[in-house]
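Asks: Below, each chain spelled out in residue letters.
Protein chains: 2
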Amino acid sequence: MPARNAFYAQSGGVTAVINATACGLIQEARRHPDNIGKVLAGRDGIIGALTEDLIDTSLETDEAIARLRSTPGGAFGSCRYKLKSLEDHRAQYERLIEVFKAHDIGYFFYNGGNDSMDTAWKVSQIAEKLGYPVVCVGVPKTVDNDLPLTDCCPGFGSVAKYVATSIREAGYDVASMARTSTKIFVLEVMGRHAGWITAACGLASENAGEPPHILLFPEVPFDPARFLARVQACVDQYGYCTVAVSEGLSDADGKLIADSGTKDAFGHSQLGGVGQIVAQLIKDKLGYKYHWALADYLQRAARHLASKTDVEQAHALGVAAVDLALQGKNAVMATIERLADTPYRWRIGEAPLKDVANVERKMPAEFIAADGFHITDACRTYLQPLIAGEEPPPYRDGLPDYVRLNNKSVEKKLPEFKI
Amino acid sequence: MPARNAFYAQSGGVTAVINATACGLIQEARRHPDNIGKVLAGRDGIIGALTEDLIDTSLETDEAIARLRSTPGGAFGSCRYKLKSLEDHRAQYERLIEVFKAHDIGYFFYNGGNDSMDTAWKVSQIAEKLGYPVVCVGVPKTVDNDLPLTDCCPGFGSVAKYVATSIREAGYDVASMARTSTKIFVLEVMGRHAGWITAACGLASENAGEPPHILLFPEVPFDPARFLARVQACVDQYGYCTVAVSEGLSDADGKLIADSGTKDAFGHSQLGGVGQIVAQLIKDKLGYKYHWALADYLQRAARHLASKTDVEQAHALGVAAVDLALQGKNAVMATIERLADTPYRWRIGEAPLKDVANVERKMPAEFIAADGFHITDACRTYLQPLIAGEEPPPYRDGLPDYVRLNNKSVEKKLPEFKI
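Heads up: the sequence lines are chains H and P, in that order. Heads up: the first sequence is residues 1 to 419, going by the numbering used here. Heads up: the second sequence is residues 1 to 419, going by the numbering used here.
Since the hints were made in silico from the structure, they are not lab data. Computed from a prediction, not measured in an experiment: that's the story for all the values here. A portion of the hints provided could be inaccurate.
[What the hints assert, rightly or not] Listed next, the in silico EDC-like pairs over lysine to aspartate or glutamate satisfying Cα-Cα at most 20 Å (straight line): (1) P:K308 - H:D259; (2) P:K412 - P:D146; (3) H:K308 - P:D401; (4) H:K283 - P:D259; (5) P:K362 - P:E210; (6) P:K101 - P:D56; (7) H:K255 - H:E219; (8) P:K413 - P:D53; (9) H:K408 - P:E210; (10) H:K408 - H:D104; (11) H:K413 - H:E94; (12) H:K308 - H:E337; (13) P:K289 - H:D104; (14) P:K101 - P:E416; (15) P:K329 - P:D104; (16) H:K129 - H:E94; (17) H:K308 - P:E390; (18) P:K283 - H:D259; (19) P:K408 - H:E210; (20) H:K354 - H:D151; (21) H:K308 - P:D104; (22) H:K289 - P:D259; (23) P:K308 - H:D56; (24) P:K82 - P:D146; (25) P:K308 - H:D401; (26) P:K308 - H:D397; (27) P:K412 - P:D56; (28) H:K413 - H:E87; (29) H:K308 - P:E391.
Construct all of the structure, not just a fragment, from the sequences and the given hints.
Replies: This is the structure we're talking about:
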């Protein structure tokens, strides 16, 4: 059987290690020239496939591909673009197959979260219906750690390491300043629906009294009075209080706290400011000076502080995706299976795409302490291995030396397609 | 001459490397037991001296002191508390001397910024007037890099490395997302009066088009129309735009932009949100989706990403302070002298405290590009060595392993003093 080309696309919010997955996938494909021709990447994700804007990764050197392992962001571009239902938007799916056909694509690798696994599943279905042979393999990626049937999601471990490190460091700072100045520090972190990232902050607190003192999860309705009482107790006991809050913190009615607070000069609600809202609440009610930080993209782009476990798993999943495809495993997602907590052992597994698609994994209730303000030992046991180890990028002139690919386009063969 | 004790205090906002200075100072003092007895540290800075709340550092192991080199924050506590004029607040100065006398303190090391150098200078004067022999040596520390007569200030280089790394990493992220989602990223950084930290962000942009695309300095009055035109040009040319903005950005009348924008639910002006204000301005006028980050304490506490140059200089200044004191050099500050840019060479120098006190070093006008939106090559040449090299802390269980000292108090000998 002659070698056929592969199509690879990055989807949704990027991470510190999604390029490590691309690295593993392209390296493994290059090891199998008898089966896989070129790896073509979608420019800006699946949009690149729909518009036939394909990047020829074969033009990149082995060295450049190797450097993807330590480069954050999405090297080929990503997108927030969800293919809708097969019934109503069949033309889009047919276009994908048409592009695959035009470029002899026999393997489809989709690197993303829930939506992407759903798309990959649908593509595998339509291909079958149309009689076009393509092996569809999903590769997990999401800082939100919310995919089912995998022990964890690449990208999460590095965000976890970053936020836990950051709140530990800020804790050392505010502890020094608390006597005459700032007594409160609030760090706002990502995770709109699930508190995985908020929980990870809790790893920094190994002994009673160590920052962070309070975690505000999206899973726990915000109760200002209880919260303020806890803040007061921390200041009384330790002289200061550090808080990690999820952007998704909501009240008992499920309304986002971020929407309930300040208005800008035009009367619009402010987004992304729940950290400041809870800090200002403390200032107004308890009178303490505060500082707050909004990590935003820094947390998911911080390749300089990536978890070695995370980098290794991201890379291994890229390799595994190719291996699964070469075994003819269609409509599956490569997964991480945990074999043991201590010492941590894991291996690659697989799960049917149809069982992954659109299923959101929640954080188990037993991971949140009874008072709702911290994590349990069970949670620590789960999280700890995911932030373990360091794999710093190379530095040049004092800054991380990240690669930029050439990203040369493949010549188009089809008429234009409006998306 | 019998050995006399030393007093060491940390002052003002802490940094990622102020403890490296403490480390060098205590280590060097321990090498001179014939001249220096114990190093007593002020708990929470100079307040510890006024209240006779002294920490006996001789009770800490050599290993614990060595670990200070890689621990952020202020290990003995700091304070924002400025001793006022000698004329009106003579009692405070006399109290200091009284405490020094009670604990046989012959060396006063004050580790801080402009105000602290002023205090150290005044203490040397009052000691002379009162006939109490104490050698006063200032040790520079400030992330704002605004002390005169030293080539740079410990703490700055590490913040510089952190912000430049962060905006580079976030730039890789937003570049990936720009096609269908976020086109604008804004990072707000410290530096209320001087744009050193904002300038440091510019180091991440080595070639045309690389993030950050726009720097908003406190030295350059904010002109919304010119700014928006530049943002539009960046999006047109590169598909996205990244901005680093100083918290001290002001309008042509010198009014802080942070004060001009949003009000909270109670009608108070919001502080610390200039990043969001300029991002929202872009959204309102150009319609682009934005993300913004507020690094706040994370930038000055990020020991995990400290500059090796900065750590080495901070440590060397601690050592040098002791050596200067042992040479009987009174009322001086240890400084960094730059000998060459490339390859970078530096040595320790000294400057009279009276020439340092209350003088703020501004960023030279020739460091800001003619259009006001970026740095010049001269600025790069100055900044580059300061972020060079890495000296990561030890890690344990995936997180930086920072030391907490025991900080045992010395027994008080004097009546209480109200501050």
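Asks: With the threshold set at 20 Å, check whether the alpha-carbon distance from K412 of chain P to D56 of chain P stays at or below it.
Replies: The given pair, whose Cα atoms are some 12 Å apart, holds under the 20 Å limit.
Asks: K408 of chain H and E210 of chain P: Cα distance at most 20 Å?
Replies: Holds - the C-alpha atoms of E210 of chain P and K408 of chain H are around 19 Å apart, at most 20 Å.
Asks: Within 20 Å, alpha carbon to alpha carbon, are K101 of chain P and E416 of chain P?
Replies: Between K101 of chain P and E416 of chain P the Cα gap is close to 15 Å, so the pair holds against 20 Å.
Asks: Between the alpha carbons of K308 of chain H and D104 of chain P, is the straight-line distance 20 Å or under?
Replies: Not OK: K308 of chain H and D104 of chain P at ~51 Å, beyond 20 Å, violated.
Asks: CA of K354 of chain H to CA of D151 of chain H, is that 20 Å or under?
Replies: holds (17 Å)
Asks: Between K283 of chain H and D259 of chain P, is the straight-line Cα distance small enough, at 20 Å or below?
Replies: Holds: K283 of chain H and D259 of chain P sit about 18 Å apart, inside 20 Å.
Asks: Would you mind confirming whether the straight-line C-alpha gap from K308 of chain P to D397 of chain H stays at or under 20 Å?
Replies: Holds: K308 of chain P and D397 of chain H sit about 12 Å apart, inside 20 Å.
Asks: Between K308 of chain H and E337 of chain H, does the CA-CA distance stay at or below 20 Å?
Replies: holds (17 Å)
Asks: Assess, step by step, whether the Cα of K283 of chain P is no farther than 20 Å from the Cα of D259 of chain H, and give holds or violated.
Replies: Given that 20 Å is the threshold and the Cα spacing comes to 18 Å, the pair holds.
Asks: Decide if the proposed pair is consistent with the structure: K308 of chain P and D56 of chain H, CA atoms, cutoff 20 Å inclusive.
Replies: violated (40 Å)
Asks: Need the status of pair K412 of chain P, D146 of chain P: alpha-carbon distance at most 20 Å?
Replies: Given pair K412 of chain P, D146 of chain P is violated - Cα atoms ~36 Å apart, limit 20 Å.
Asks: Are K308 of chain H and E391 of chain P close enough, with their CA atoms no more than 20 Å apart?
Replies: holds (18 Å)
Of the numbered hints listed earlier, those contradicted by the structure are 1, 2, 5, 13, 21, 23 and 28.
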